[in-house]
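A.B. asks: Each chain, letter by letter, is given below.
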Amino acid sequence: EADIYQTPRYLVIGTGKKITLECSQTMGHDKMYWYQQDPGMELHLIHYSYGVNSTEKGDLSSESTVSRIRTEHFPLTLESARPSHTSQYLCASSRGADQTQYFGPGTRLLVL
Amino acid sequence: QKEVEQNSGPLSVPEGAIASLNCTYSDRGSQSFFWYRQYSGKSPELIMFIYSNGDKEDGRFTAQLNKASQYVSLLIRDSQPSDSATYLCAVWPGNQFYFGTGTSLTVIP
Chain A
1 EADIYQTPRY LVIGTGKKIT LECSQTMGHD KMYWYQQDPG MELHLIHYSY GVNSTEKGDL
61 SSESTVSRIR TEHFPLTLES ARPSHTSQYL CASSRGADQT QYFGPGTRLL VL
Chain B
1 QKEVEQNSGP LSVPEGAIAS LNCTYSDRGS QSFFWYRQYS GKSPELIMFI YSNGDKEDGR
61 FTAQLNKASQ YVSLLIRDSQ PSDSATYLCA VWPGNQFYFG TGTSLTVIP
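Going down the list, the protein sequences come from chains A and B.
Mind the numbering: the first sequence is residues 1 to 112 in the numbering used here, read in order.
Mind the numbering: the second sequence is residues 1 to 109 in the numbering used here, read in order.
These are computed hints drawn from the structure, not numbers from a lab.
Predicted model, so just to flag it, every value in this text is computed and none were measured.
Every residue gets a Cβ at the ideal spot worked out from N, C-alpha and C, and that includes glycine.
Mixed in with the good hints there might be a few duds.
Calculated cross-link-like contacts (lysine to any residue; reagent style SDA-like; alpha-carbon spacing at most 25 Å) [claimed, not checked]:
| id | chain 1 | residue 1 | chain 2 | residue 2 |
| --- | --- | --- | --- | --- |
| 1 | A | Lys31 | B | Ser104 |
| 2 | B | Lys42 | A | Val52 |
| 3 | B | Lys42 | A | Pro75 |
Examples of chain A residues lying across from chain B (beta carbon under 7 Å, computed) [as the list claims (entries may be wrong)]:
| id | residue |
| --- | --- |
| 4 | Glu42 |
| 5 | Leu43 |
| 6 | Leu90 |
| 7 | Gly96 |
| 8 | Ala97 |
| 9 | Gln99 |
| 10 | Phe103 |
Here chain A stands alone, though its shape is the one from the complex (with noise of 0.2 Å):
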């Protein structure tokens, strides 16, 4: 069983506000990720991280940032929201060489 937790699980906002979404895993693994999924559609990466003080972009651009200042923690800032940031979030983590991904249960964001 996974434990990868995410919060808020829902969220609607307005526009141009700066939202935070956490993610958060226990289970000690190095590499963590953020994806992007529209309904019907695939997920895309957003941002990844290797380890502590490590963040990559993904393949979708994106107007959010990330950051790992701690091995579990892994939040995605959107300095001001959008109705195009309306989606589906999904953190993910993996441990070293498994390429093995565990999901969160995800955030569903609305933007007004």
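With chain A held as given, fit chain B onto it using these hints.
C.D. replies: Chain B only, in chain A's frame:
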């Protein structure tokens, strides 16, 4: 061209039948291949992975990999209504995962 292609379905099979899900990928250097199941409104959960050409069996699930044809499939034997979900194919070319759009499977009781 997308990195990973899947038939979006929907695929409907009767209970007890074999469901066959297919996936093709574009990067010949891909090393690892994964199948995830995603129930509606939920996050993906790993079913199985395969690294080598051939078949890999895990309970009612069999993954098949053909690197020459850049093709990976998932067979679900004795399909159950609880198998109704979207099945995502994921490929690891070496730097990040690429996911397909998923195939929606409905198992009819």
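A.B. asks: Work down the list of hints and note, for each, if the structure agrees.
C.D. replies: Hints versus structure:
1. The suggested pairing of Lys31/A with Ser104/B is violated, with an alpha-carbon distance near 29 Å, which exceeds 25 Å.
2. Simply put, Lys42/B and Val52/A have alpha-carbon atoms about 28 Å apart, too far for the 25 Å limit, and the pair is violated.
3. This hinted pair checks out: Lys42/B and Pro75/A have alpha carbons roughly 20 Å apart, not beyond 25 Å.
4. Among the interface hints, the one on Glu42/A holds; its C-beta lies about 5 Å from the nearest C-beta in chain B, closer than the 7 Å criterion.
5. A distance limit of 7 Å between C-beta atoms decides the matter here; for Leu43/A the minimum to chain B is near 4 Å, and the interface restraint holds.
6. For Leu90/A, the interface hint holds, the least distance from its beta-carbon to any beta-carbon of chain B being 6 Å, beneath 7 Å.
7. The criterion of a C-beta within 7 Å of any C-beta in chain B is not met by Gly96/A, whose closest approach is roughly 13 Å, and the hint is violated.
8. Checking Ala97/A against chain B by beta carbon gives a least distance of about 10 Å; that is not within 7 Å, so the hint is violated.
9. Because the smallest distance between the Cβ of Gln99/A and any Cβ of chain B comes to about 5 Å, under 7 Å, the interface hint for this residue holds.
10. Taking 7 Å as the C-beta contact cut-off toward chain B, the hint placing Phe103/A at the interface holds, the least distance being around 4 Å.
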